[in-house]
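**Q** Now for the letters of each chain:
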Amino acid sequence: MNALDTRPANSALGSGLKVESLRFAYNETPVLLDINLTITEGEFVCVLGPSGCGKTTLLRLLAGLETFSSGNLSWKSQPITGPSLERGVVFQDYSLFPWMSLVNNITLALAKSHPETDKKWRLNLAEEFLEMVGLENSARKHPFELSGGMQQRVAIARALALGSPVLLMDEPFGALDPVNRAKLQDLVLNVWSNANPKKTVVFVTHDIEEAIYLADRIVMLGSSPGRIIQELRVPFARPRLRRALTGSPEFQTLQEQIAERFRQDTLQRIEAESVVAGDAEGI
Amino acid sequence: MKANTIEPQPGFAIKLAATQPLSNKTAVKSAPAARPRRSNWWRLSGKEGVLFLLALLLIWQVISTFHFKGAYLFPSPLVTSKALRASLPELLKGTWSSFIILAPGYLLAVATGIVWGLLVGTTAWLSRLFSPFARFASPVPPTIYIPYAIALLPTFRTAAGFVVFIGAFWPVFLNTAAGTASLPQRYRDNARILGLKRTEYLWRIVFPASLPHIFSGMSVGLVFSFIMLTVAELFGASAGLGRFVQLYADYADYPRMVAGILYTGAVVLLSMELLEQIKRRALFWVK
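As they're listed, the protein sequences go chains Y and C. Per the numbering used here, the first sequence runs over residues 1 to 283. Per the numbering used here, the second sequence runs over residues 1 to 287.
Where hints are given, some of them may not hold.
When the alpha-carbon atoms are kept at most 27 Å apart in a straight line, the in silico BS3-like pairs for lysine-lysine are as follows [stated by the list, open to error]:
no.: 1; chain 1: C; residue 1: K279; chain 2: Y; residue 2: K112
no.: 2; chain 1: C; residue 1: K279; chain 2: Y; residue 2: K141
no.: 3; chain 1: C; residue 1: K197; chain 2: Y; residue 2: K141
no.: 4; chain 1: Y; residue 1: K141; chain 2: Y; residue 2: K119
no.: 5; chain 1: C; residue 1: K287; chain 2: Y; residue 2: K141
By construction, these hints were calculated from the structure, which means they are not laboratory data. These numbers were taken from a predicted model, which means no experiment stands behind them.
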């Protein structure tokens, strides 16, 4: 079928984000098994999977916040050994420091990405970043005075202020209401497509619709242990118009196919488990 | 009485009564309307504490009137308040002399307790180095050092300042270290993502995030400071609040002594209130 095209992405080797035979275990329990993934520069990839499939772990490994058990991880052929300003992260919530005003949360990032600049200049630039996410009037406010959606806007602004070519997003809109979620999805798409050069985005979500709307390519993770069960290219041209796209039969077919693939995986796993259980009974 | 002016509801009740002109038995009616109000006012207005204090004052008065040694050992509230007024200049002088011992000792304890707590709490080898000693030294009741400190240090002021420091240091240090230990993972992750250097991390992330713990250490430390100070003054001061109480106890001038105790209580209360205000400002971001 055309929609479930499994060709690997535009394979410009040596550049981009590379994951090879990646394995991560927590207390001997495998969380991620043999992950192989190549993400080209400027690509928008969604990692899609049910909760507990290890997608957040994968993102934390890419960020350098966790150490993998075996395999290889690299960005532009440089091995990833820890966090770096090359990879900005937006977490699901609580990305901001609550004792700092919004503008100070951002200048903290700017002090790292532009260490040679003075405070005044950073303050101005921070306000520009806040303007970019539509919060120029709240610069002196503190995170607790803002709604969840607004806080995520600031978290995005801060990730942009880091100037990272790679943006890692861990279910950033998971806690938002549908209206804000849609607004922020469009904000992320805008930021991504307007940046020059384009940013490489790895976006973790469990929402199929979100993944299709945002991604160039979807990487589907199955659970226990987490492994890639399928990769697929999203065939829809950009810019995508939300209404027209989500209402189209093609969109719905794709959505249904993805859901079906996850159902299959779950069934296979249950069968495998019952076979193991059956063996045990035999003994 | 007062109840009618303090209570917010009487106005409401009066309005109710006023908007019922149709009733021809208003005088009779307003009485039962007022009754549930009256039986509830103390519960609703949160004045129980004041009531309790008034009751204590009354008991005090009764004891000093009827106890066989009452007037001597339990000077009545009136006598005490007179003694308080008479010795106010002396007490104020004593307050100053106490504060110039307490403030440096306490502030030094807060500063070193916070800095050392942040460092030990976030550095594995420092924690391994210092924890065994802290575990041994921190539970020692600090009052036990007083005689030795007075013998060892050149002046009473340095000796008392030192024991105040010891009394306040451990609570501040231990709470700060506990604060760093309970630092949420997300702050650590974000600090790492931003590539913060160690000093920035300590000063801009760990320190503010630990402030709730630090402030509870500071209030415990402040109480300890006052205990240490007044006990030290009982031993060998020539001025100060503890000295004032000790002096008039020696003279068997109990009205002044009781006045000194009450005054000291008020000073501690005000100091704690000041710290509470600072805390509220600093922790505005804690929901």
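**Q** Now tell me, hint by hint, if it's right for this structure.
**A** These are the hints, each one checked on the structure:
This hinted pair does not check out: K279(C) and K112(Y) have alpha carbons roughly 31 Å apart, beyond 27 Å. Note on K279(C) and K141(Y): the hinted pairing holds, with a Cα-Cα distance of about 20 Å set against a maximum of 27 Å. For the hint linking K197(C) to K141(Y), the alpha-carbon distance of about 26 Å falls within 27 Å, and the restraint holds. As the CA atoms of K141(Y) and K119(Y) are separated by approximately 19 Å, the hinted pair is consistent with the 27 Å bound.
Only pairs whose Cα atoms come within 27 Å are accepted, and K287(C) paired with K141(Y) is accepted, the gap being roughly 15 Å.
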